[in-house]
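Trainee: If you want the building blocks of each chain, they are given just below.
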Amino acid sequence: MNFDDTPQEGAFRAEAKAWIAANAPKQYEEELRKASLGRFQLKGANILEVAKAWQKKKADAGWACLHWPKEYGGRGSSPIERVIWQQEEGPFGRLSSMFIIGHGMCGPTMMAFAGEEQKRSYLPPLASGEKIWCQLFSEPAGGSDVAGLRTRAEKHGDEWVINGQKIWTSGAHYSDYGILLTRTDPDVPKHKGLTMFFLDMKSPGVEVRPIKQASGASDFNEVYFTDVRIPDSQRLGTVNDGWNVSLTTLMNERMSIGAGVSTGFPELFDFCNSLMLEDGPAIENRAVRSKLANWAVKASGLKYTSMRAISALSKGERPGPENSIGKLVAGSMIQDVAAYALDLQGAAGALSGIEDAEVAGKFQAMLLRAPGTRVEGGTDEIMRNIIAERVLGLPGDIRVDKDVPFNKIPTKGRN
Amino acid sequence: MNFDFSDEQKQMRDEARKFLSEQCPPKAVREVLDGKAPYDKALWKGLAEMGFLGVAIPEQFGGAGAGHLELCVIAEEMGRALAPVPFSSTVYLAAEAILIAGSDAQKQKWLPKIASGDAIGTLALFEGHGNPSPKAVKVTANGGVLNGVKKPVADGAIADFAVVAARTGSSGRESDFSLFIVDLKAGGVEVKSLTNIDLTRGQAEITFKDAKAEPLGTTGEGWSVITQVLDRAAVLMAFEQVGGADRALEMGRDYALDRIAFGRPIGSFQAVKHMLADMYVSATLARSNCYYGAWALSTNAGELPEAAAAARISATQAFQHCAKNNIQVHGGMGFTWEFDCHMYYRRANAVALGLGSLSYWEDALIDRMRKKNAA
Chain C
1 MNFDDTPQEG AFRAEAKAWI AANAPKQYEE ELRKASLGRF QLKGANILEV
51 AKAWQKKKAD AGWACLHWPK EYGGRGSSPI ERVIWQQEEG PFGRLSSMFI
101 IGHGMCGPTM MAFAGEEQKR SYLPPLASGE KIWCQLFSEP AGGSDVAGLR
151 TRAEKHGDEW VINGQKIWTS GAHYSDYGIL LTRTDPDVPK HKGLTMFFLD
201 MKSPGVEVRP IKQASGASDF NEVYFTDVRI PDSQRLGTVN DGWNVSLTTL
251 MNERMSIGAG VSTGFPELFD FCNSLMLEDG PAIENRAVRS KLANWAVKAS
301 GLKYTSMRAI SALSKGERPG PENSIGKLVA GSMIQDVAAY ALDLQGAAGA
351 LSGIEDAEVA GKFQAMLLRA PGTRVEGGTD EIMRNIIAER VLGLPGDIRV
401 DKDVPFNKIP TKGRN
Chain S
1 MNFDFSDEQK QMRDEARKFL SEQCPPKAVR EVLDGKAPYD KALWKGLAEM
51 GFLGVAIPEQ FGGAGAGHLE LCVIAEEMGR ALAPVPFSST VYLAAEAILI
101 AGSDAQKQKW LPKIASGDAI GTLALFEGHG NPSPKAVKVT ANGGVLNGVK
151 KPVADGAIAD FAVVAARTGS SGRESDFSLF IVDLKAGGVE VKSLTNIDLT
201 RGQAEITFKD AKAEPLGTTG EGWSVITQVL DRAAVLMAFE QVGGADRALE
251 MGRDYALDRI AFGRPIGSFQ AVKHMLADMY VSATLARSNC YYGAWALSTN
301 AGELPEAAAA ARISATQAFQ HCAKNNIQVH GGMGFTWEFD CHMYYRRANA
351 VALGLGSLSY WEDALIDRMR KKNAA
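The listed protein sequences derive, respectively, from chains C and S.
So the first sequence is numbered by the UniProt record's numbering: it starts at 1 and just counts up by one.
So the second sequence is numbered by the UniProt record's numbering: it starts at 1 and just counts up by one.
Only chain C is shown next, with the shape it has when bound in the complex (with noise of 0.2 Å):
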């Protein structure tokens, strides 16, 4: 047990911290100190533009994707590196937030299933930001049942054909490739009829419409495809097999930890610390002392959790399932504490505009973005069905579905 870095582990600190203040956009750091879940803005600049050219500087000098072999634009970092790295970037790493896709599941899922020509040509150009990336999943019918959707594939000669709609895609409308679930065979069970490909999201056939989302913000799409034609060669994976190259990419999803998921802590901390009540300073207040105690030991709990799988990845350890807890017990954590930072401001805690609310409106914020974040990436019950079913070894749902071919299954609640 050693909490401390190693020799070499300081060494690589060193370095990063060197470079990070002589390179990064220090212009934009205070900003960027404020951003939070939910309100992210950059006075006067364009911040895919801004977030692509530090992407682009730290892929230059060897500091982007740095847990991906060095062939592929990375610099074949060990987890705990990666996470020096992550300690060190503080602030800037928020630069990251359109890259996270690509880099955390679409490029891994490249590595493992297309072929050595295209890893070459196509995933350097995505650890370095020039290119984005998104993950065409989701449908109106298949949210958390993924296997569930219905956009089709169909092969003429060496090309596809695809139709359908998906859903709920970050970030599609700046994206330039995509990689994409679709069904291949309607007349056999749900999980065995799907077949994986990537996309150019420039190709002929594709519609990004923006949703506006509850939060008022778009960072979501819907994205149509009308007889979008993608070559065989773009194939991942088997024909049918895209329920298990998927599975791939979303164990990659939890590779992606270490990032440190917010949960509003430090956030709700700063404020109570400054926040004046009628008795006197909220952190003197009994009650309000006692839930922060309460939501930091969870931020810690969550911040050694994460730590911990680190250091199994480190010794070679494949993450694991109970990986699952950190957006399962941020997310809701973060609406819970963004609604009592709004409480304890009174009938004030409702104002959210920039110049009216306490704090730049950052919980007002929070809380409206918060929903979003118990749904995306598995809900809260998904989460507790996975570390039911795959630490705790429950059974599984009974599923009705399960052996039924797609194209027989109900698609109804009530006629």
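Where hints are given, some of them may not hold.
Claimed, not checked - Pairs of lysine-lysine, DSS-like flavour, derived with a Cα cap of 27 Å:
| no. | chain 1 | residue 1 | chain 2 | residue 2 |
| --- | --- | --- | --- | --- |
| 1 | C | K315 | C | K291 |
| 2 | S | K212 | S | K107 |
| 3 | S | K372 | C | K17 |
| 4 | C | K303 | S | K372 |
| 5 | S | K372 | C | K291 |
| 6 | C | K303 | S | K10 |
| 7 | S | K36 | S | K113 |
| 8 | C | K291 | S | K371 |
| 9 | C | K57 | C | K17 |
| 10 | S | K135 | C | K291 |
| 11 | C | K291 | C | K303 |
| 12 | C | K315 | S | K10 |
| 13 | S | K371 | C | K34 |
| 14 | C | K34 | S | K372 |
| 15 | C | K303 | S | K113 |
| 16 | S | K185 | S | K36 |
| 17 | S | K185 | S | K41 |
| 18 | C | K70 | C | K131 |
| 19 | S | K324 | C | K291 |
| 20 | S | K45 | S | K109 |
FYI, nobody ran anything at the bench for these hints, they're computed from the structure.
With chain C fixed as given, assemble chain S onto it according to the hints.
Mentor: Just chain S now, kept in the frame of chain C:
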């Protein structure tokens, strides 16, 4: 960086688990639960022979000199097994107080006896309601004798000696408190057993009437030692709590797999699954906080006060949560004397209070975080 125990430490954990599963099955815990013995003497001797009582005591004082990480590993297993022995009072409280504040002679006198199982010790701190606070201490020390009443004192009725916090000045400031070692078998000491919700661990009231007391550490520095002892014990106790939480979760999981209702194992119902998943989450968060606490304890890091409070809160919550919901998963059977669920429920709720209650530690954590922030 390495956020895990070493292979040797894990091996020690396996050894302790094997030993305790053989020597301390639920049947043995029930002997004490049912009042047939005040504690499990055979187990106590066995623990001494295994070297577990002196695992963190330096070799020069008769211990194994392994260290506190090793003690954490043992503590977790003691908690899993609900071992009905005065391990926490003797090893986490009395021995640690002597290690921190004792003179060489005091260490030579007491630590080998603790390591060999020949002396049971405890910490006499509380005086009725309330949490650790200098203000609550009324017992006085004057001219080498103590007067006053301590309660509850964990394992007080079976202890040979106690480390006692007493008032040595009259201003009520922290510097008016000092620690003493009192031989509980000597004159001027009256011990009365008290009933409590954890029937596997005794509590007592100890009355001192001009009881002879030997100073432990410097006069006027008692409170600072108490704080250090409580922080260390908080980490160690948190490992016991995590051990108990894990075992309660395991019992719930096993029952959910075996018990059939409505034609299915009850573990296939989402409501039950989700309850067990939440138990796993709280036990895991607590374990991770404990690991940080173990590191801080073993390296005597400046982070110990904050890490100890976090481990304590998290583990208290996890054990209470798991013990409570283990009964719920078991349904009506969980509420019977015959099933073991209540033993964990009792222990979870009793250990939540022994070092200061949850709200006390919540307050302490925020204080410590503020200090760190201000620094």
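Trainee: Please go over all the hints and tell whether each is borne out by the structure.
Mentor: Hint check:
A distance of roughly 37 Å separates the Cα atoms of C:K315 and C:K291; the hinted pair therefore is violated under the 27 Å criterion. Restraint check: the Cα-Cα separation between S:K212 and S:K107 comes to about 19 Å, which is no more than 27 Å; the hinted pair holds. Distance check on the hinted pair: S:K372 and C:K17 sit about 23 Å apart at the alpha-carbon level, within 27 Å; holds. Only pairs whose Cα atoms come within 27 Å are accepted, and C:K303 paired with S:K372 is accepted, the gap being roughly 18 Å.
Our distance criterion of 27 Å between C-alpha atoms is met by S:K372 and C:K291, whose separation comes to about 19 Å. Between C:K303 and S:K10 the CA atoms are separated by roughly 22 Å; this keeps the pair inside 27 Å, and the hint holds. Between S:K36 and S:K113, the direct Cα distance comes to roughly 26 Å. Compliance with the 27 Å bound is thereby established for this hinted pair. Of the pairs offered as hints, the one joining C:K291 and S:K371 holds, with about 18 Å between alpha carbons and a cut-off of 27 Å not exceeded.
The suggested pairing of C:K57 with C:K17 holds, with an alpha-carbon distance near 15 Å, which does not exceed 27 Å. Between S:K135 and C:K291 the CA atoms are separated by roughly 26 Å; this keeps the pair inside 27 Å, and the hint holds. Distance restraint check for C:K291 and C:K303: the Cα-Cα separation of roughly 19 Å lies within the 27 Å cut-off, and the hinted pair is therefore satisfied. For the suggested pair C:K315 and S:K10, the alpha carbons sit about 15 Å apart, so the restraint of at most 27 Å is met.
Distance check on the hinted pair: S:K371 and C:K34 sit about 23 Å apart at the alpha-carbon level, within 27 Å; holds. For the hint linking C:K34 to S:K372, the alpha-carbon distance of about 21 Å falls within 27 Å, and the restraint holds. A threshold of 27 Å between alpha carbons decides the hint, and for C:K303 with S:K113 the separation of about 40 Å lies outside it, so the pair is violated. Proximity of S:K185 to S:K36 is assessed by CA-CA distance (about 22 Å); at most 27 Å being required, the pair is judged to hold.
Simply put, S:K185 and S:K41 have alpha-carbon atoms about 18 Å apart, close enough for the 27 Å limit, and the pair holds. Under the criterion of a C-alpha separation no larger than 27 Å, the hint pairing C:K70 with C:K131 is consistent with the structure, at around 18 Å. Straight-line distance between C-alpha atoms of S:K324 and C:K291 comes to about 21 Å, which keeps the hinted pair within the 27 Å bound. At most 27 Å may separate the alpha-carbon atoms for a hinted pair to count; S:K45 and S:K109 meet this at roughly 19 Å.
The structure fails hints 1, 15 (numbered hints given earlier, in ascending order).
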